[in-house]
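S.K.: Listed here are the chains, written in short residue letters.
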Amino acid sequence: IGVGARVRPPPRLPERLAVCRAEAAAYGRCVQASTAPGGRLMKDLCAQEFEALRSCFAAAGKKTPRGGL
Amino acid sequence: MCLQVALPQEMLRLRGLSHRWWRPSALGIPAKNLGLRKVASGVSPPGSPSRRALNIFDRDLKRKQKNWAARQPEPMKFDYLKEEVGSRIADRVYDIARNFSLALDVGCGRGYIAQHLNKETIGKFFQVDIAENALKNALEMEIPTVSVLADEEFLPFRENTFNLVVSSLSLHWVNDLPRALEQIHYVLKPDGVFIGAMFGGDTLYELRCSLQLAETEREGGFSPHVSPFTAVNDLGHLLGRAGFNTLTVDTDEIQVNYPGMFELMEDLQGMGESNCAWNRKALLHRDTMLAAAAVYGEMYGNEDGSVPATYQIYYMIGWKYHDSQARPAERGSATVSFGELGKISNLMSQEKKSQ
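Residue numbers (the working numbering), protein chains in the order written: chain Y, 1 to 69; chain C, 1 to 355.
Just chain C, with the same shape it has in the complex (with noise of 0.2 angstroms):
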């Protein structure tokens, strides 16, 4: 019943191909100048590839909203999901049993990820964000950090300086996703490791169908006010073509309860996560949220009258190429067939035996 909506990667494959990546312009960065810099600004400049190539997010809005979310009284009262997520990207730079001299967080919010973090395992914290007051009122956490304001799309620092890039749900509201990891790869070192999560295509479909058959209703037609989401296929394919090695992409789902749809919709603008697509409608209908409300109630709701939205999270893994890095075995070099796996541990034993 419910249409999903067109996919930004989709449409950049089709118009994506003839223009050529943008690189940085490495500006470098002094060790020692620690503190808050403004480095790049968060809008692109008119006529830049990325105008061309593909807009669907109004960028400085959505500084705006993460500005005014960071800014509230009580923003932790917001950070439930995002502390969940960063905790969980956590846990998986501790599965890389490593430690990490230089790191840098893409869309740090408050520092979500790098206060489950500790200085035995990175050296040194570059947190970039889009919104300064986010970084002015960044959680605590024990990792000396260097605080930079600049735009995910534009990365201002050198080839080769990172040994370790993670980002926690962020790209999704980045316009040209492909040139963002293109330059997320273009910073690692060599044997660096990206792990990063975004919101997945299913996130918040409740509220999508819910809002899509209330408009319906009350004003006979409906655009959108969910934002559109990547596929969990072309994230492997993007990644692949942003020169990751090495892939590993999994999705998990986060389900919320909510008093209502009312509270839900607050909460994403505590977030800072309301749309920001420039083909949103300015205003949502009053009656139109009532419908949207009691519709969001009937289909969805619990018993208790309390109702849940479900968040889809994609995790994905990339390495930089490295010539230490183990690789697949040349094409007709094995020597036992698959069909005798079941076999195994009489092959192992008898491999043993013969050495």
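Excised from the complex, chain Y in its bound form (with noise of 0.2 angstroms):
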């Protein structure tokens, strides 16, 4: 089976998402939109939600003390 090469997230990977599931869930929603019938997906196409996403994950980076929330 496998995944790409090097998969080693940092521990927190998991703890940050959580975080930010209301933006993670408004990215997924806009790409599963455009895989309906009809719906064409390209790059960028859902650039917004992900900017939104990223910034959060990057502010809980940095707001979470080690060892989580």
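Note that these hints are calculated values from the structure, not bench results. Values in this document were obtained by computation on a predicted structure and should not be read as measured data. Beta carbons are placed, not taken as given, at the ideal position from N, Cα and C, and that holds for glycine. Do not take every clue at face value.
Cβ-to-Cβ under 7 angstroms is the rule here; a few derived chain C residues that face chain Y [as the list claims (entries may be wrong)]:
# : residue
1 : G260
2 : A293
3 : G297
4 : E298
5 : M299
Take the two lone chains, each set in its own frame, and fit them into one complex as the hints suggest.
M.R.: Written out as structure tokens, the structure is:
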């Protein structure tokens, strides 16, 4: 099975994703909507939603102290 | 929406016919020589038939990944899938009402099948794997075993050696599956049986789709991150072509819930199941990972926030031919029509009366 060669996420990635659940869901919905009939997925289609997710993710990385929430 | 990656066996069918099958040079196995023995190297020599025929997976890398996984402080944390499938293979061995004096496990890992079997059923177990760390950290078992470090693609055993060959979740990384199956057939004794399990084409489809969608949206294109798998209808043909008789192939799905995509990927790495295809992308972009985790959670996530991952498992059973095995009756020898199957009980009682 397998995924790309170097899969070693920093330990706090899951916690940070949990903090940004709303942003992640918004981005996910945007991508999923493009898979519906008539939709077309292309580069940066959901750039706005992703930017929100990424900035939340970055902020969550800074705020949370070592060892998670 | 999500594309299936080209299947290696389909490519092979086009190309594989032109070359001769390679036979292992029989090294023999001195029965008293127990313990770890280095017999064959995991790397195919350059210019060997397999390199010309088909070379999808980096076997050297796979060996490193498996060695790394087996070296981890708590390898049992990631053993759940191989444990489960190993026990299901063991069940299938027990289904056969017979004892096996000599058995072989191809790609044994830490011995996931042998630990579920007992010494009354199996006399002696030969365990073959490409990762020496897995052999060294083998699980406890009551059957006397011999560990052999060798490549699944190059079995160092004589013809007609084993009564039973098993293999669990290892053959999906083999470059030349037809040849691997042929070698298994070769080392089996006549009337010996092969019982195997490998990952099927629907394995990890959620992960495959999430990565493809995320990569398309972030980077404008995608490359394969999940390895190609065999299709189930190819498996029957492959077994048949390798010389096996009385085939049984069935599929099963195991669904595992993970807290999120990151944990799933960590576990795959812990199992030594990271991708080792030559055409893999060296690095998954950090943004793409984040995007894929979000898509995975939204498209497949459970209500409690966890995400499911599907593992499709093919189980296969094949027998090496022997005169004593039951054969289909000759054509035209039937005395009753299929149309009368509904009245079978009447026919049976009539037959009893006439006897």
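S.K.: Against each hint, give a clear statement of whether it holds in the structure.
M.R.: Structure-based check of each hint:
1. Look at G260 of chain C: its Cβ gets to within about 5 angstroms of chain Y, closer than 7 angstroms, so that hint holds up.
2. The closest approach between the C-beta of A293 of chain C and any C-beta of chain Y is roughly 6 angstroms, which is under the 7 angstroms cut-off, so the hint is satisfied.
3. Checking G297 of chain C against chain Y: minimum C-beta separation of about 6 angstroms stays under 7 angstroms; hint holds.
4. Look at E298 of chain C: its Cβ gets to within about 2 angstroms of chain Y, closer than 7 angstroms, so that hint holds up.
5. For the restraint placing M299 of chain C at the interface with chain Y, the shortest Cβ-Cβ distance is roughly 5 angstroms, inside the 7 angstroms limit, so the hint holds.
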